[in-house]
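Same order as they appear, the protein sequences are chains A and B.
Using this note's numbering, the first residue of the first sequence is number 1, and each one after it goes up by one.
Using this note's numbering, the first residue of the second sequence is number 115, and each one after it goes up by one.
What the hints contain is simulated information worked out from the structure, not anything from laboratory work.
A hint or two may mislead.
[Said to hold, decoys possible] Mimicking DSS-like on lysine-lysine, the simulated pairs with C-alpha atoms at most 27 Å apart in a straight line are:
no.: 1; chain 1: B; residue 1: Lys-154; chain 2: B; residue 2: Lys-289
no.: 2; chain 1: A; residue 1: Lys-58; chain 2: B; residue 2: Lys-192
no.: 3; chain 1: A; residue 1: Lys-18; chain 2: A; residue 2: Lys-58
no.: 4; chain 1: B; residue 1: Lys-219; chain 2: A; residue 2: Lys-56
no.: 5; chain 1: B; residue 1: Lys-219; chain 2: B; residue 2: Lys-202
no.: 6; chain 1: B; residue 1: Lys-289; chain 2: B; residue 2: Lys-192
no.: 7; chain 1: B; residue 1: Lys-349; chain 2: A; residue 2: Lys-56
no.: 8; chain 1: B; residue 1: Lys-289; chain 2: B; residue 2: Lys-266
no.: 9; chain 1: B; residue 1: Lys-349; chain 2: A; residue 2: Lys-23
no.: 10; chain 1: B; residue 1: Lys-192; chain 2: B; residue 2: Lys-157
no.: 11; chain 1: A; residue 1: Lys-18; chain 2: A; residue 2: Lys-37
no.: 12; chain 1: B; residue 1: Lys-266; chain 2: A; residue 2: Lys-18
no.: 13; chain 1: A; residue 1: Lys-18; chain 2: B; residue 2: Lys-289
no.: 14; chain 1: A; residue 1: Lys-37; chain 2: B; residue 2: Lys-219
no.: 15; chain 1: A; residue 1: Lys-58; chain 2: B; residue 2: Lys-255
no.: 16; chain 1: A; residue 1: Lys-56; chain 2: B; residue 2: Lys-289
no.: 17; chain 1: A; residue 1: Lys-18; chain 2: B; residue 2: Lys-154
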Amino acid sequence: MDDEGSLSVLNCAEGDIKISFNKADPQDVARASRIIKDLLRRGYFLFVEIDGEIKKVKRFDAEHEEYILADGPENPAETVPDPALPKVKGKPGRKKGVPMRRTTATGVGRTAGG
Amino acid sequence: METAEVDEVREMPTWDQIRQRLNELAQERGEWASYPLPIKGHKLVVEPSHPMHQLNGATLSSAPAERLAEEAGIADLKVRNWWYNWSKSILVYVVEEEGKITVAKLPTNYPMERLRFAMGTLGVAASPAWSTAAEFKAMGKLSELVSDHAFKCYLCSGMFLETSKRSGVTYMFRKGRPTLATRSSEEHGVRFLAALCLHPIAYYEGTFAGCMVPSDDVIGMLLMMRADERLLWRKANHHPVWATESGV
Numbered sequence: 001m002d003d004e005g006s007l008s009v010l011n012c013a014e015g016d017i018k019i020s021f022n023k024a025d026p027q028d029v030a031r032a033s034r035i036i037k038d039l040l041r042r043g044y045f046l047f048v049e050i051d052g053e054i055k056k057v058k059r060f061d062a063e064h065e066e067y068i069l070a071d072g073p074e075n076p077a078e079t080v081p082d083p084a085l086p087k088v089k090g091k092p093g094r095k096k097g098v099p100m101r102r103t104t105a106t107g108v109g110r111t112a113g114g
Numbered sequence: 115m116e117t118a119e120v121d122e123v124r125e126m127p128t129w130d131q132i133r134q135r136l137n138e139l140a141q142e143r144g145e146w147a148s149y150p151l152p153i154k155g156h157k158l159v160v161e162p163s164h165p166m167h168q169l170n171g172a173t174l175s176s177a178p179a180e181r182l183a184e185e186a187g188i189a190d191l192k193v194r195n196w197w198y199n200w201s202k203s204i205l206v207y208v209v210e211e212e213g214k215i216t217v218a219k220l221p222t223n224y225p226m227e228r229l230r231f232a233m234g235t236l237g238v239a240a241s242p243a244w245s246t247a248a249e250f251k252a253m254g255k256l257s258e259l260v261s262d263h264a265f266k267c268y269l270c271s272g273m274f275l276e277t278s279k280r281s282g283v284t285y286m287f288r289k290g291r292p293t294l295a296t297r298s299s300e301e302h303g304v305r306f307l308a309a310l311c312l313h314p315i316a317y318y319e320g321t322f323a324g325c326m327v328p329s330d331d332v333i334g335m336l337l338m339m340r341a342d343e344r345l346l347w348r349k350a351n352h353h354p355v356w357a358t359e360s361g362v
């Protein structure tokens, strides 16, 4: 919905819970900001979808209500980039903010291996 | 059964109610992922920094802890070294017990061990840990993240493939099993890299099951792979193809 940004969190009991907020309600937005900051402080991973791509949130700028994205992802050490593949566009290392009110984010709790 | 006992049973909460109340309690404390639920038969392995880390090792059992340890036959062994023998498909352990060194050779990934893992996972599915509603919800979320074709594969086979645009590694995401990472080339064909296993919050020891429904595990790994592949490889346990834990 246009008036709602949203945050969903993977949940043991319900599979997935949605924390919606009305961007027209300052109290609702403030509550959502507190939850987002708290999730990151607790070690949750937050992922947002931007232009069809999934990005990891590095931190949350409560003043500007923006998710600050992590630096460009690196290849894991176990894999060597295939030189035949086209290079992914975009400069690595450039941080940018995406507005909370227009973005859907997914929270994933700290992982326990397996 | 006496009337009083019948009344007592009727007043007992259902597992759905217990799970819901646990979820409410967790959310009141800011843990939006909820808390893992101890079940009978399998110990919980909880992420070390989780606020409910005291649940690590928890299981619902009527046997006293001392008797459980005795029945398990746990001796005071020290493993000095171990390796996998590819030609014989066995694990070799050099162990020390009361100053005496011995060598033990154990078959691995043999059928009964694979069956034990599979039955354990089925046991978690049959337990109160997971609910049908939660799995359907998670599958609904997964359907929003992948193509129609990939979701059809997942629905029909429990698996789907996705190749990383960055590294070229192909990941086979599987319901209730570790994710398999492979790389294909014309020169070498398909090469197995690792079976990656991780679960948000906690998992049940000796099974492939996490404390969240299986599709939630898949979603977590998929998001990590797409956003930060290095994070996925750093956080996951890497199982070789010959290990039972690989689920191969």
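Starting from the hint list further up, note which numbers the structure goes against and sort them upward.
-> 2, 4, 6, 9, 14 and 17
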